[in-house]
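Protein chains in written order, with our numbering: chain A, 1 to 179; chain B, 1 to 355.
One should not assume that every hint holds.
Partial list, derived from the structure: chain A residues whose beta carbon lies under 8 angstroms from chain B [said to hold, decoys possible]:
#  : residue
1  : T26
2  : S27
3  : G34
4  : V64
5  : Q68
6  : V69
7  : G73
8  : R134
9  : D135
10 : A139
11 : I142
Hints were generated in silico from the structure; no laboratory data involved.
Since we're looking at a predicted model, the values are computed, not measured.
Virtual Cβ for every residue (Gly too), placed ideally from N, Cα, C.
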Amino acid sequence: MRKFAFFVLYSFGFLMLVALATGFQTSFWAQLFGSLPSPLIWILFILYLALYRRPIEGILLSYVCAAQVYFFGWIPMGLLMLNIVILFGIVYFVKERIFWPGARYFLIASLLGVFLYQVIYLVNSWAFEIIPIRDLMIAERIFQAIITPIFAVPVYFILKFWERLTSQTPLIESGEFEL
Amino acid sequence: MNFINLDIRKILLLIPILSLPLITINTQQMPRPSEWYGEPLALVASKSQGFYNWFSDEVRGTASLYLNLIDIKRDNLSLKTQNAELKAQLAAMTELKLENQRLNQLFAFKQKTKMDLLGAKVIGRDLSSDHATIMIDRGGRDGVKPMQAVMTIEGAVGYVFRVDPNTSRVMLITDRYAVVDGIVQRSRARGLVEGKSTDACLLKYVNKSADVLTGDLIVTSGLDRIFPKGLPIATVELVNKKPYTVTLDVELKPVVNPNKVEELFIVRNANQVDLEETLPPQEAQIPTAEVVPAAASAASAINTNSNTNTEAETSRTPDSEATTPKVIPANPIPAKAKTTEANSKPVAPATRVTR
């Protein structure tokens, strides 16, 4: 019971962190930098779940995150969930084969993960949306993929800290850059 | 004799010594011509004095610099802090001034118009760069409802599509899901304005024979029951006429840059206001990008038949009447057609394609 309570607390906190990060991305960043493309910080949370949580738990939490993130934009919920689950699956697949513990791995994963998400979204948009993406905005997407990892290390440490605070045993022990 | 004890040699030595100042005083009183040997000596003297003067100044300056170093450091720090504070204040003041100007304009517009407008502020952008939506600080509690138009003084911004109690989400006209019924202000050609990317729109379903030129202003038709009539939406950037299609490909640039909007209005009730009455007649700047030969020949045939079909307008060349200023009537008639047939029929509106 205590373990479950801690998990609920962990999930709630995780969701709050997602909301804070997405708020930063959609509001604070826009206030500071105007039309400069914002980093996709929320994706880092999905990547974290895929890399450091158990699959079922991670997917469930990802869906909850998708429901939260949905209210920050106008991407259809179904498409958002589909994008997330595909991203989750690919990242999990890669992690099973290539993995080393630590923030450095998360940093690299975030760079590739954002690229991957953009590709998944483009493909899914063309496949499922009535009005698919009309403008590829390649430069904007590359810029987003480059700036997002800047936030990867802080996100990693915050989530590790929260994990430890709520007594959540990680799927894989973290390595270097340990707090 | 010896009581005085005078030493004659000493007296002789004393006399010239004492008389020297008297002789000198006497010679100073007399005008003296400058001797050739005096000039270099004077120069050396002046240079020497100058050098010592400079040296003493430097020494004094350096000494005082070191002596006052602590004070200077403190003053410097204080001035730097003060400068930073003043800079921050200046930036804040400039920001306030600009905001005040914007708000004054909005207020003046709101006072002047008959529409029921509600001011709002942009508080957030879209999560994904593939969608163009914004969040505003007005919601259901302020009387905001879905499908209400959102605009600025310059033109249309978008429409409300999701309403929460305290906030609302606005779909910008640049979003690919946004559709606004629009007309070309100059020629009244009709089409649907759809979003394309973050700073571009498309005018779709415009009859190929319609008169659309680069630089034309697209305004709202008012038929979608969202926007008031005559609100500027965008200007035509590019007109592309493909040979095997029935509609024109028209690229637009929004009048309002959606990325820079900070304050805006929600139109709660347009009160049947026609904003076009307040707009000056607009003139296209550059004619259509390309003229398809088939269309051109068709147009010439139409012109010779004195028909007022709008095909004639699309085939105009840069030196045609499109570049000359004129007052645009509600249903413009090609000049050639006018000259050949006085009782010409009005231009048929472009076919509206529903999706």
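Hint-by-hint comparison with the structure:
Annotation: T26 (chain A) was flagged as interfacial toward chain B, and the flag holds, the nearest CB pair being 5 angstroms apart, inside 8 angstroms. For S27 (chain A), the interface hint holds, since its Cβ comes within 8 angstroms of a Cβ in chain B; the closest pair sits about 4 angstroms apart. Residue-level restraint check for G34 (chain A) holds (minimum Cβ-Cβ distance to chain B is 7 angstroms; threshold 8 angstroms). A distance limit of 8 angstroms between C-beta atoms decides the matter here; for V64 (chain A) the minimum to chain B is near 16 angstroms, and the interface restraint is violated.
Annotation: interface hint on Q68 (chain A) violated; nearest CB of chain B at approximately 10 angstroms, more than 8 angstroms. Using the Cβ-Cβ criterion of 8 angstroms, the hint placing V69 (chain A) at the interface with chain B is satisfied: the shortest such distance is roughly 6 angstroms. Using the Cβ-Cβ criterion of 8 angstroms, the hint placing G73 (chain A) at the interface with chain B is satisfied: the shortest such distance is roughly 3 angstroms. Annotation: interface hint on R134 (chain A) holds; nearest CB of chain B at approximately 5 angstroms, less than 8 angstroms.
Here the hint on D135 (chain A) is kept, as its CB sits about 3 angstroms from the closest CB of chain B, short of 8 angstroms. Interface restraint check: A139 (chain A) against chain B, minimum CB-CB distance 11 angstroms, threshold 8 angstroms, status violated. Given hint, I142 (chain A) at the interface with chain B, is violated; its Cβ is 12 angstroms from that chain's nearest Cβ, farther than 8 angstroms.
The structure does not agree with the numbered hints 4, 5, 10 and 11 stated previously, though it agrees with the rest.
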